[in-house]
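The listed protein sequences derive, respectively, from chains A and B. Start counting the first sequence at 268; every next residue gets the next number (this note's numbering). Start counting the second sequence at 268; every next residue gets the next number (this note's numbering).
No wet-lab data here; the hints were simulated from the structure. Ideal Cβ positions, reconstructed from N, Cα and C, are used throughout, including at glycine. Relax, there's no trap hidden among the hints.
Some chain A residues close to chain B (C-beta under 8 Å, calculated; not the full set):
1. P415
2. S448
3. V456
4. G461
2 protein chains.
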Amino acid sequence: MNKIAVVGTGLIGQGWAAVFAQAGFEVALYDASQEAAERALKAMENRIDDLAEFDLIEPSDAPNVLKRITIASRLEDALDGAIYVQENGPEIVDIKRELTQALDALAAKDVPIGSSTSGISASRYCEHIPGRHRCFVVHPINPPHLHPAVEIVPTPWTDQNAISMVNELMIKCGRETIVLSEEIDGFVVNRLQGALLEEAFRLVGRGIVSPEDLDKAICDGLGLRWSIMGPMQTIHLNAPGGVSDYVARYGEMYRGFGIGPYDDVDWASIANEKLEAKMSKRTPVAEIPEAQIARDRKLMALLRHKKQVGVEASKP
Amino acid sequence: MNKIAVVGTGLIGQGWAAVFAQAGFEVALYDASQEAAERALKAMENRIDDLAEFDLIEPSDAPNVLKRITIASRLEDALDGAIYVQENGPEIVDIKRELTQALDALAAKDVPIGSSTSGISASRYCEHIPGRHRCFVVHPINPPHLHPAVEIVPTPWTDQNAISMVNELMIKCGRETIVLSEEIDGFVVNRLQGALLEEAFRLVGRGIVSPEDLDKAICDGLGLRWSIMGPMQTIHLNAPGGVSDYVARYGEMYRGFGIGPYDDVDWASIANEKLEAKMSKRTPVAEIPEAQIARDRKLMALLRHKKQVGVEASKP
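Bound-form chain A, shown alone (with noise of 0.2 Å):
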């Protein structure tokens, strides 16, 4: 009776599949194109096999996660008897609204909606859908399968048991959830990257630092703290009173960089004269699915470290 309706099967879709199957649910796959489904349920047994591989699931179990999904061929098969939905439709407003208003029409009465998008925040496009309580954003990180954070972002009128629900699910899924308190452009996760690309850009463009170096500042720099704690942690345990201690020192020292306004950054055009040139070189357009591959690895098997490292590391 646990099952997962997950619509829309491009990565992001068979990301989330692998999630739900992974903490035991049934998931049932449904996209417009059925042939697009049926490419999906192939490519994902090798995600599960890589998943195996690095010890991400039991070797044992990969055969069962597999089975607990299938495709429906109709929505409303896919819809029929399901706790949660998960849309991951295209990023155009139009189609999240008829696609939204579909679903609300099809799904059993309160079965939270939850959308993966990126960009869209979902009063934009549920306002005047009946089921609007139960219409939000609740967005991974590409692959979600390999980044445990998701964020659950309410609607004016998102019912807050709808909100409880879905993050408990989430939660039950290993998936470590951040929750906002109101729609806001771009999230949290986006926000925080636009914030700091804005600057790299800013950096890069006016030909400070090469876009290379500029990523060893994060790759062998900030990256490696990150990946172990988040950006509040790291400044609390950096000063020695804590977070307002830090602030009182190097508060000062940071707002004097004159960060933003950025009106003077033209994105396009410092990524047209200043980056495409050198980044194709590291890695040639052609060669980019290529690099996907080895990134998703390293990703893995950095997963995989953090497992270890959550015992090794609580020595005294």
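With the hints as your guide, set chain B onto chain A.
Frame of chain A; chain B shown alone:
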């Protein structure tokens, strides 16, 4: 004959000593307080043992690494025969000026003098020093021996040869160098951190997200990626056509967040009113030293992991 002088033996100086000694250099420690230097050398024994335990140094090599580090009782002894000077004095312009003047008077001709300062551009204290051409910033991330990233920041008068020599030296020491073309407040690392913190403080300050949940957005999300690759490579791999395609697809979305100016964000009062109680509940101030040790153990485990992963993840 390959000797490096480390002047100032706080945590930063100790980290540098470990880096240089591991790379085979003789290290002369000098501190205005002889007692501080002796405490530092004692503390380094544990540090080197930790590195050995986590396979970041050959256990059999540990005693040799320690043997390469000695205390000089006079500044001139520390500098005698040194090919490079790493200065780790207090973060006060007048003290930096006085100390650098003394270093310049005693160090052999053209030996570069790098400062570990995180907040003071070298031009602010070296302009009127005779050897200003060899004075610049060589900024690590704390603790230096656990973060490969090092920023090299020239003043308007810095000799290009000095930059090249120190860049090569750092690479020889296993560092990942970030070479800036000119001085800018905060350099690269802390500007990126500052930009992200600015937005983090805004979100927490407005009550949109708790500090705990905000930390998950990085630690269980963006930080996992960023410990594997920098933000530029991340976005380059996140669009089929690479970085320019990414900006064409998502640039408008990010700019639409309206990040900056931040004049309405008061870090100090947010820290006092919104952060302190919660952060102290997670880690009481008295437990911070303990939490720092746990953090460093995790950092070392992560570095070991990345070493292993370098091979494993390259499987096709």
